[in-house]
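2 protein chains.
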Amino acid sequence: MIIDCHGHYTTAPRALENYRQSQIAALNDPSQAPSLSELKISDDQIRESLENAQLKLQRERGTDLTIFSPRASAMAHHIGNAATSLDWSQVCNDLIHRVCTLYPENFAGVCQLPQSPGVAPSSCIGELERCVTELGFVGCNLNPDPSGGHWTSPPLTDRSWYPLYEKMVELDVPAMVHVSSSCNANFHATGAHYINADTTAFMQFLTSDLFRDFPTLKFVIPHGGGAVPYHWGRYRGLAQDLKRPPLNELLLNNVFFDTCVYHLPGIELLLTVIPIDNILFASEMVGAVRGIDPETGHYFDDTKRYVDAVSWLSDPDRHKIYEGNTRRVYSRLERRIPTKVSPQQQTSAQARR
Amino acid sequence: MIIDCHGHYTTAPRALENYRQSQIAALNDPSQAPSLSELKISDDQIRESLENAQLKLQRERGTDLTIFSPRASAMAHHIGNAATSLDWSQVCNDLIHRVCTLYPENFAGVCQLPQSPGVAPSSCIGELERCVTELGFVGCNLNPDPSGGHWTSPPLTDRSWYPLYEKMVELDVPAMVHVSSSCNANFHATGAHYINADTTAFMQFLTSDLFRDFPTLKFVIPHGGGAVPYHWGRYRGLAQDLKRPPLNELLLNNVFFDTCVYHLPGIELLLTVIPIDNILFASEMVGAVRGIDPETGHYFDDTKRYVDAVSWLSDPDRHKIYEGNTRRVYSRLERRIPTKVSPQQQTSAQARR
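In the order they appear, the protein sequences are chains V and W. Mind the numbering: the first sequence is residues 19 to 371 in the working numbering, read in order. Mind the numbering: the second sequence is residues 19 to 371 in the working numbering, read in order.
Fair warning: there could be bad hints in the mix.
Any copy will do: because identical chains look the same in the list, a pair fits if it lies in one copy or spans two.
What the hints assert, rightly or not - Below, simulated DSS-like cross-link-like pairs (lysine-lysine); rule was C-alpha separation at most 27 Å, straight line:
#1 Lys185 x Lys358
#2 Lys261 x Lys185
#3 Lys322 x Lys358
#4 Lys261 x Lys74
#5 Lys261 x Lys322
#6 Lys322 x Lys74
#7 Lys322 x Lys58
#8 Lys58 x Lys185
#9 Lys261 x Lys358
#10 Lys58 x Lys74
#11 Lys74 x Lys358
#12 Lys58 x Lys261
I should point out that these hints are in silico values taken from the structure, not numbers from a laboratory.
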């Protein structure tokens, strides 16, 4: 089984975007406020939005299950206030739930959190709990910069995050560290802000004792870990200069990297320097880069091709990247889609009994 | 000859730091204002500060010349105002000039610019011109975020930068894109802010027509180009999706990467994906990472070892990285330290006459 741990509902029916536009318009003119009853999306529209996109690509590329969350760039926590964010998060998460209900074998849900700049992260606990316990979601996306590129909130290691982390630990769900769109002209969203946030979060973790306080807290750093694997020597050296424990002790029980790196040399580097146990397969399709690489004739974001092309990867290691690690990190996945046991494994298990 | 294009005077005599502290104290209490006559640094103190640091490491590692600039983390353009920055920049640049005068074969100067948040970059033209025409400097360091981690200035592609770029083109000097310390708790300076700035600048260049307006303007992106080479597929794909020209046409005549990547797999990736003509040897010693890698027994920042270890690199390509490219980008270097012609080359040149 091949699990893609990083997909967003970037192809949601237009009605969702219209709802959001009304919501934003109502920030200055409450008469524009949309009502949920206006947000009409049929099951067929959902099917249509996926059949020729994520589902088609799953089939073509040979992946089975996508851990699926609302469109990251549309979270836009910087717009409006906490009430705006809660309403928008619920609408988006409910739609993800419908996707996962329609295609229970293809998608498992991860929720958007109703973060808002200047508002304590504990405000997200209710929606996280609802999504996990009522909707069967297996994780959340956590925005390290709800200001959208101004970085006005405290680092992820600040104690204001602790109540949310306590709930994550209690529910046994990981967070993918994922910013949203940028409203700072310096940062292109997918080309700079996303990657910078990944790098930033890692260095916040490196300089803190967060995982001493939460030994079972888990974060996935997407986009191949930002700049971190490329500068792995720098990070090992900084940890040493700062008198921190070695990185494997300090954070590799808690921090994982996905494979959203869109060329073979990058994937080879990732698989060379980062322990295999810390790498989760992902493509972020349909996402940041949608074209075909003229150098290969294949989609840039068809990351399975790159992982498959790494000839020195052993079968057990490949299995970890494609399924095992992701099941370990997103541990609630097992309740939704139990690990398939092969006939050989069944036989040997029976023999052991 | 081996030229290291990226070194800062991180070991300057303590008197420099004391001067700065007085300058900062005077922001609130003008009676504390330091006078230049108080800043007493003897030639011997300068020699002492370098002999057991940069010069020793040059000898040990087998490098010849370092392109040398004031300590990047101490530029701190966010402190005080334009007058503060000008005074501090002149003091720092003058000290670099003394270094280069004492050791003309070992150091060539690059200047700090007197940037200040909210102040037009044209305010830096005078100091740039002074350093290049009077002190013989060969380039400048340009801070894409003079706010120190709040990113409140316009992108590097904004027209407010153009007067400075015109002067750079006129003087034929490149800029290394280099932020300073971070006063935003989210960003560790050398572990996040530096790398993020590199990535950010590249994406600003990718989305603009800056190099159509300035075909001969040159930037060096340090720290191995931030996250860019690791995500080279992402950047090629983003350029394509955004209907930009291919990266080699769009910016590879103008943008160069240094080799400050502190492990062999990272250097191998850099040399694999980025055209050799765009790579400049550098170590940033004595800089961000000062320890010895327990995995190799050598300094993390001894980047020459990594470049030397890339067995598939041809001698002509190695020469480009170690000297040729740097002479092309920092073209005024030739006036200070002419290319050494080997006896063979001399003989064949005489034969051609």
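Evaluation of the provided hints:
no.	hint	verdict
1	Lys185 x Lys358	neither (29 Å within a copy, 66 Å between copies)
2	Lys261 x Lys185	neither (31 Å within a copy, 44 Å between copies)
3	Lys322 x Lys358	within (20 Å within a copy, 49 Å between copies)
4	Lys261 x Lys74	between (49 Å within a copy, 25 Å between copies)
5	Lys261 x Lys322	between (38 Å within a copy, 26 Å between copies)
6	Lys322 x Lys74	within (15 Å within a copy, 47 Å between copies)
7	Lys322 x Lys58	neither (35 Å within a copy, 62 Å between copies)
8	Lys58 x Lys185	neither (33 Å within a copy, 58 Å between copies)
9	Lys261 x Lys358	neither (44 Å within a copy, 44 Å between copies)
10	Lys58 x Lys74	within (25 Å within a copy, 72 Å between copies)
11	Lys74 x Lys358	within (23 Å within a copy, 61 Å between copies)
12	Lys58 x Lys261	neither (56 Å within a copy, 34 Å between copies)
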